[in-house]
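Given chain B, put chain A in place with the hints provided.
There are 2 protein chains.
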Amino acid sequence: MSLRCEILSTGDEVLTGQIVDTNAAYLADQMGSLGFEVSRHTTVGDDRALLAAAFRQLGASADVVLCTGGLGPTVDDLTTEVAAEVLGAELRLDEAALAHMEGLWKNRGRAMPENNRKQALIPAPAEVLENPIGTAPGFAVRIDRAWFFFMPGVPREMKRMFAEQVVPRVEALRSEPTVFDVRVLRSFGLTESATDQALAGLEALFPGVKLGFRAHFPEIQIKLTVKGPDIAAAKAQLEAATEEVRKRVGAHVFSDGASIEQVVGEGLTRDKATLATAESCTGGLVAQMITAVPGSSAYFDRGFVTYSNQAKMDLLGVGEDLLREHGAVSEPCARAMAEGARTRAGTTYAVAVTGIAGPGGGTPEKPVGLVFVALASPGGTVVRRLRWPGQRDQIRGISAMVALDLVRRALAGLPLEEGDNPRGQ
Amino acid sequence: MSLRCEILSTGDEVLTGQIVDTNAAYLADQMGSLGFEVSRHTTVGDDRALLAAAFRQLGASADVVLCTGGLGPTVDDLTTEVAAEVLGAELRLDEAALAHMEGLWKNRGRAMPENNRKQALIPAPAEVLENPIGTAPGFAVRIDRAWFFFMPGVPREMKRMFAEQVVPRVEALRSEPTVFDVRVLRSFGLTESATDQALAGLEALFPGVKLGFRAHFPEIQIKLTVKGPDIAAAKAQLEAATEEVRKRVGAHVFSDGASIEQVVGEGLTRDKATLATAESCTGGLVAQMITAVPGSSAYFDRGFVTYSNQAKMDLLGVGEDLLREHGAVSEPCARAMAEGARTRAGTTYAVAVTGIAGPGGGTPEKPVGLVFVALASPGGTVVRRLRWPGQRDQIRGISAMVALDLVRRALAGLPLEEGDNPRGQ
Numbered sequence: 001m002s003l004r005c006e007i008l009s010t011g012d013e014v015l016t017g018q019i020v021d022t023n024a025a026y027l028a029d030q031m032g033s034l035g036f037e038v039s040r041h042t043t044v045g046d047d048r049a050l051l052a053a054a055f056r057q058l059g060a061s062a063d064v065v066l067c068t069g070g071l072g073p074t075v076d077d078l079t080t081e082v083a084a085e086v087l088g089a090e091l092r093l094d095e096a097a098l099a100h101m102e103g104l105w106k107n108r109g110r111a112m113p114e115n116n117r118k119q120a121l122i123p124a125p126a127e128v129l130e131n132p133i134g135t136a137p138g139f140a141v142r143i144d145r146a147w148f149f150f151m152p153g154v155p156r157e158m159k160r161m162f163a164e165q166v167v168p169r170v171e172a173l174r175s176e177p178t179v180f181d182v183r184v185l186r187s188f189g190l191t192e193s194a195t196d197q198a199l200a201g202l203e204a205l206f207p208g209v210k211l212g213f214r215a216h217f218p219e220i221q222i223k224l225t226v227k228g229p230d231i232a233a234a235k236a237q238l239e240a241a242t243e244e245v246r247k248r249v250g251a252h253v254f255s256d257g258a259s260i261e262q263v264v265g266e267g268l269t270r271d272k273a274t275l276a277t278a279e280s281c282t283g284g285l286v287a288q289m290i291t292a293v294p295g296s297s298a299y300f301d302r303g304f305v306t307y308s309n310q311a312k313m314d315l316l317g318v319g320e321d322l323l324r325e326h327g328a329v330s331e332p333c334a335r336a337m338a339e340g341a342r343t344r345a346g347t348t349y350a351v352a353v354t355g356i357a358g359p360g361g362g363t364p365e366k367p368v369g370l371v372f373v374a375l376a377s378p379g380g381t382v383v384r385r386l387r388w389p390g391q392r393d394q395i396r397g398i399s400a401m402v403a404l405d406l407v408r409r410a411l412a413g414l415p416l417e418e419g420d421n422p423r424g425q
Numbered sequence: 001m002s003l004r005c006e007i008l009s010t011g012d013e014v015l016t017g018q019i020v021d022t023n024a025a026y027l028a029d030q031m032g033s034l035g036f037e038v039s040r041h042t043t044v045g046d047d048r049a050l051l052a053a054a055f056r057q058l059g060a061s062a063d064v065v066l067c068t069g070g071l072g073p074t075v076d077d078l079t080t081e082v083a084a085e086v087l088g089a090e091l092r093l094d095e096a097a098l099a100h101m102e103g104l105w106k107n108r109g110r111a112m113p114e115n116n117r118k119q120a121l122i123p124a125p126a127e128v129l130e131n132p133i134g135t136a137p138g139f140a141v142r143i144d145r146a147w148f149f150f151m152p153g154v155p156r157e158m159k160r161m162f163a164e165q166v167v168p169r170v171e172a173l174r175s176e177p178t179v180f181d182v183r184v185l186r187s188f189g190l191t192e193s194a195t196d197q198a199l200a201g202l203e204a205l206f207p208g209v210k211l212g213f214r215a216h217f218p219e220i221q222i223k224l225t226v227k228g229p230d231i232a233a234a235k236a237q238l239e240a241a242t243e244e245v246r247k248r249v250g251a252h253v254f255s256d257g258a259s260i261e262q263v264v265g266e267g268l269t270r271d272k273a274t275l276a277t278a279e280s281c282t283g284g285l286v287a288q289m290i291t292a293v294p295g296s297s298a299y300f301d302r303g304f305v306t307y308s309n310q311a312k313m314d315l316l317g318v319g320e321d322l323l324r325e326h327g328a329v330s331e332p333c334a335r336a337m338a339e340g341a342r343t344r345a346g347t348t349y350a351v352a353v354t355g356i357a358g359p360g361g362g363t364p365e366k367p368v369g370l371v372f373v374a375l376a377s378p379g380g381t382v383v384r385r386l387r388w389p390g391q392r393d394q395i396r397g398i399s400a401m402v403a404l405d406l407v408r409r410a411l412a413g414l415p416l417e418e419g420d421n422p423r424g425q
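Heads up: the protein sequence lines correspond to chains B and A, in order. Per the working numbering, the very first residue in the first sequence carries number 1; after that it's consecutive. Per the working numbering, the very first residue in the second sequence carries number 1; after that it's consecutive.
Isolated chain B (complex conformation) (with noise of 0.2 angstroms):
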């Protein structure tokens, strides 16, 4: 018999809409990765009577309940309390949780406040999950049938408790072994039914093995899990078939984890190589997408923002002429951005993007979400040309997301010519 879990959200602010509740999504997936099925979620308020009632109508129908918020220092918190009451149980404090808290506060230099007590205040029962990260523990506890597991609402405490203290017990309720794997494959370039496609017949060819696809604007994930009692055998499914998905989607996968920006700072630092930016209707979105990698100064130096055509001209030194009789949407004036940028930064690789973003600024020729993105390399240039009709920031988005593309494919070797208009437009 598998294991039936839910999941319970709490809190005004996610009841109310004023948050989205991204931790149910991110619990679920976790659950999902561990080869847990989810059957349902809950999201109640703030509200005594009513979180007594979820406590009472989960601990009669389910066996794992993966809880989250309500255990701060303020009056508003009410989880803990509640818990102790449809337990019928007593609060004791936990010594070691408040050493925890006091030495926090003591850390900052600063008294703990006297309300912060009662975040080391657990239904006597209880067992402690520990908040490596933040001041109120989490606890673990039986009510009725199921198992309960009070985690903070504050993501990044939530997720480390979840993988550190959690996944080990639930996993230890786990009735018979089950092996469960995932492989998320990061792809860009083709559209999800084009993916679809290409993958046809997939699953008939790796018994077990299950596809599916996640679109994140603008890629597409391509996700294989397996499930099984054979550690060997699932594994070696999983190998198979995430071979034969790079065989046959090629190119288009980018990564098995990593972001793009990540993998091209990866593929530049191997190289001992550089980028420059030049951009227009992107305004820098590139050059803020490579920085957010933690050490990109080894390889990024400087990015061109030429929003007009005078700073294109000063900055990138693009022609008068040339912007005349083109215009600075152009595949001339595209590549003469790029191979100004990696002249007078002096780089490797320049990526530039020139466009037209919308909403306005069309005309029937050059309409909006016409996009040149150039890359200037040691071994020429090339420029592509793509249309996205869409809104502002998906043009935006999209070119930005060829340009780095460009640069991954420079440096892993790969055709950049490929998908001249990508995903189908």
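The hints are simulated quantities; they were obtained by calculation from the structure and are not laboratory data. Errors might be hidden in some of the hints.
It does not matter which identical chain is meant; a pair holds if it fits inside one copy or across any two.
[Claimed, not checked] Calculated lysine-lysine pairs in the DSSO-like style (CA-CA distance at most 30 angstroms, straight line):
1. 272 - 247
2. 223 - 118
3. 106 - 366
Same frame as chain B, but now just chain A:
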């Protein structure tokens, strides 16, 4: 008696965490803005038994249930069938809905696939909720004591159907007419607790007005809501309370809706002024935010992403001696960067950011999170020093916000020196 409202999200993608459920937050927020309290959210997957159990349970406990998902054409889409089963009703083909769907397919120049007919089936006693922008109609039906409003899971379609079809029906269920209005003021520079303290006693001063906060890092949103039977009186209370908030939180409030980059853009446009950026640790983030606003080319000419010291010298004329003596993360360097950018770009204003975003690169004197932000303007240059002991993305985010806030303050004639270390750090 107020209505008991609940939200039910359906679908395996939401249940397994493949997508985050933004629909529930949206509906809860909208209902709150209409003066209805939502008491619980529930999420179940595409599972016949669990769906039926959820319908029965909510039918017995709620007055209004907003249900999303499961109206599509595939075998996974079970909502309509299960609703009919719970009602003990037949399905009927709604001719108007079918004609609408066939029209949509015809406009696309294609024949409607046979399995799409299924979407025109609704439980016999239900009333159709039109979907002008998608194929699947919704429907409203009473199960036990509750009115259920079934809507598509696609956010765009759901939002329109909710606004046009559901809101009037829910309003009609309201027992006493009540006015409800809301005002959100966006602020930056004070912590949530400092804002809370500054606004102490506000609710007592303006009876009927409720004060709330939302933290959207790095800004704090102040939310005022008013509820009552008398339109004029409620609106006047809200106006007066808003005035009082502006008086107390003063220059920290930057808008009642627009983003800070929009506010900056409006100010620059109004003054016919221009802006340039010079960024080190934010790596293009400030330029990217400015250019995210349509029409920003009217006031934004260029940006310099000077990641290396050499780039700071080449592009902004920062002196080698200055860098040797003070280092790049220093008050003099920030000042020289802003002044260099302003002179070289020939703009009214220039902002510069230089700091240590981490996680590496810190020293005891210059720790991770130390950032200098400078604004060069016709009246001279100011530099603000901040310390934000957080993650790389937070440090970059708050630094960019301080830069934009300096421009906003200069444009509004507000003090630039106030809150030297934002958010009390």
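When Cα atoms must be at most 30 angstroms apart, do residue 223 and residue 118 count as within-copy, between-copy, both, or neither? between (43 angstroms within a copy, 29 angstroms between copies)
From the Cα coordinates, with 30 angstroms as the cut-off, is the pair residue 106 and residue 366 best called within, between, both, or neither? between (62 angstroms within a copy, 23 angstroms between copies)
At most 30 angstroms between CA atoms: does that hold for residue 272 and residue 247 within a copy, between copies, both, or neither? within (29 angstroms within a copy, 56 angstroms between copies)
In the structure shown, no violation is registered for any of the earlier numbered hints.
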